[in-house]
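Heads up: the protein sequence lines correspond to chains V and B, in order.
Numbering of the first sequence is given in the numbering used here, commencing with residue 72 and proceeding in unit increments.
Numbering of the second sequence is given in the numbering used here, commencing with residue 72 and proceeding in unit increments.
Rather than coming from a laboratory, the hints here were simulated on the basis of the structure.
Take these hints with a grain of salt, some might be off.
[What the hints assert, rightly or not] Negatives, chain B to chain V, calculated, CB over 10 Å:
1. S88
2. P108
3. A181
4. A191
5. V198
6. E211
[As the list claims (entries may be wrong)] Computed footprint of chain V on chain B, listed as stretches where at least three residues anywhere in the stretch have a Cβ under 8 Å from a Cβ of chain V:
7. 116-127
8. 165-178
9. 233-239
10. 243-254
From the three backbone atoms N, C-alpha and C, an ideal C-beta is built for every residue, glycine too.
There are 2 protein chains.
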Amino acid sequence: MSHTLQDEAHLVESTISSTLAYQGDFLRVKHDVVQLPNGKTAIREHIVHPGAVVIIPILDNGDVLLERQYRYPLGQVFIEFPAGKLDAGESPLACGKRELLEETGYTATAWAYAGKMHLAIGYTNEVIHIYFAKGLINGERKLDEEEFLDVFAAQPSQVLGWSRDGSITDSKTLTCVLWLQNYLSGTWPLNWTISAEEVPSRG
Amino acid sequence: MSHTLQDEAHLVESTISSTLAYQGDFLRVKHDVVQLPNGKTAIREHIVHPGAVVIIPILDNGDVLLERQYRYPLGQVFIEFPAGKLDAGESPLACGKRELLEETGYTATAWAYAGKMHLAIGYTNEVIHIYFAKGLINGERKLDEEEFLDVFAAQPSQVLGWSRDGSITDSKTLTCVLWLQNYLSGTWPLNWTISAEEVPSRG
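Full structure from sequences and hints, please.
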């Protein structure tokens with residue numbers, strides 16, 4: 072599916088001015104004046120985000136690795152796939168490997184890029200790159216000082232059930248479940264890359 | 072799946088202080104000090120959001136209704152299911168009916184609640200309620216003054232293809248595609264409610 076710019080001219084907004092309205096400890100808010108397709112002006116406020124990676128780690132027995140983490144803005148514990156923000160200059164794959172290790176202790180010998188999602192397109196530019204990871208080898212996790220989370224394994228059928236019954240409501244995780252379901256059914260095959268250097272010597 | 076509070080005590084953060092750090096035209100940012108599970112303190116910044124509704128409208132011929140809308144934070148046009156924010160005091164179902172009519176011109180004679188998703192759990196409390204709508208009747212749309220969007224119909228198989236190939240990357244829409252796929256396969260049946268008052272008299 073493709074659209075030309077001509078197709079979209081009646082939808083596009085252009086920037087008239089852009090102001091950094093709030094710079095917090097984590098959040099950075101821009102307050103922009105834009106020109107609408109009809110020539111009028113409007114205000115657009117949005118968060119500037121570095122981007123992130125989410126990983127769907129599949130164990131040799133077919134289970135997937137998940138996390139339980141307290142999310143303060145909602146005051147509850149969520150079931151999520153491992154994820155984290157890109158460091159400055161970091162590639163998505165490097166970020167995926169780092170976050171998987173830090174949060175779960177696992178390294179993977181095979182990685183596949185699935186696609187990307189945009190998280191809250193009305194008010195942030197956050198993009199999350201989706202990776203699958205296989206050939207998982209357990210080690211020691213290295214959580215950030217301010218990070219508290221449980222890691223656990225579940226069967227994909229359980230994950231599907233939790234997505235339906237409201238136990239999983241995190242939209243990045245539900246988007247991953249769409250990928251997981253279609254990958255496992257054979258409908259959406261992946262291109263796996265084997266990282267030879269991460270295969271430990273097997274006596 | 073259920074967890075007791077006891078299970079989660081090692082994950083939970085509690086509020087020490089909460090400050091309204093930024094009140095913009097649309098975005099409202101809180102800057103809180105929290106106590107971590109280990110007793111230390113940390114900063115949590117998050118957006119306070121009223122909640123929203125997204126609708127999966129299914130036409131009588133099996134196509135679904137979608138929108139193309141320019142999203143300024145990312146500077147591109149997105150394919151999305153119709154959605155919008157809750158007005159103060161508005162129920163999710165009333166919001167769904169209002170947004171479907173305003174954005175697409177359609178009314179529906181049957182509605183089914185699917186579930187909810189949380190959009191960006193690291194920094195907003197936004198929840199999106201997911202509804203399916205059937206028995207669609209076309210009328211005149213009533214866009215907000217600052218709203219510019221195209222409405223179009225597509226087959227569910229096309230929507231699945233676009234979800235895989237990167238034409239659809241909006242996470243609320245991808246979460247809806249998970250629901251759509253499992254509803255259509257018969258795996259996740261829905262409870263439909265027929266709104267008698269919205270069925271026009273049929274000569």
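Results of checking the hints against the structure:
Listed as outside the interface, S88(B) is consistent with that label: its C-beta sits roughly 13 Å from the nearest C-beta of chain V, beyond the 10 Å cut-off. With a minimum CB-CB distance of about 5 Å to chain V, P108(B) fails to clear the 10 Å threshold, and the non-interface call is violated. Taking the minimum C-beta to C-beta distance to chain V, about 20 Å, the non-interface status of A181(B) holds against the 10 Å cut. Distance check for A191(B) against chain V: the nearest CB is about 5 Å away, which does not clear 10 Å, and the non-interface claim fails.
Distance check for V198(B) against chain V: the nearest CB is about 8 Å away, which does not clear 10 Å, and the non-interface claim fails. Annotated as non-interface, E211(B) keeps its C-beta farther than 10 Å from every C-beta of chain V; the closest such distance is 18 Å. Coverage of the segment 116-127 of chain B by chain V holds [criterion: at least 3 residues with CB-CB distance below 8 Å; count 3]. Look at the segment 165-178 of chain B against chain V: 0 of its residues bring a Cβ nearer than 8 Å to a Cβ of that chain, fewer than three, so the hint is violated.
Only residues whose beta carbon comes within less than 8 Å of a beta carbon in chain V count, and the segment 233-239 of chain B has 6; three or more means the coverage holds. Coverage of the segment 243-254 of chain B by chain V holds. Counting CB-CB distances below 8 Å, 7 residues qualify, and the rule asks for three or more.
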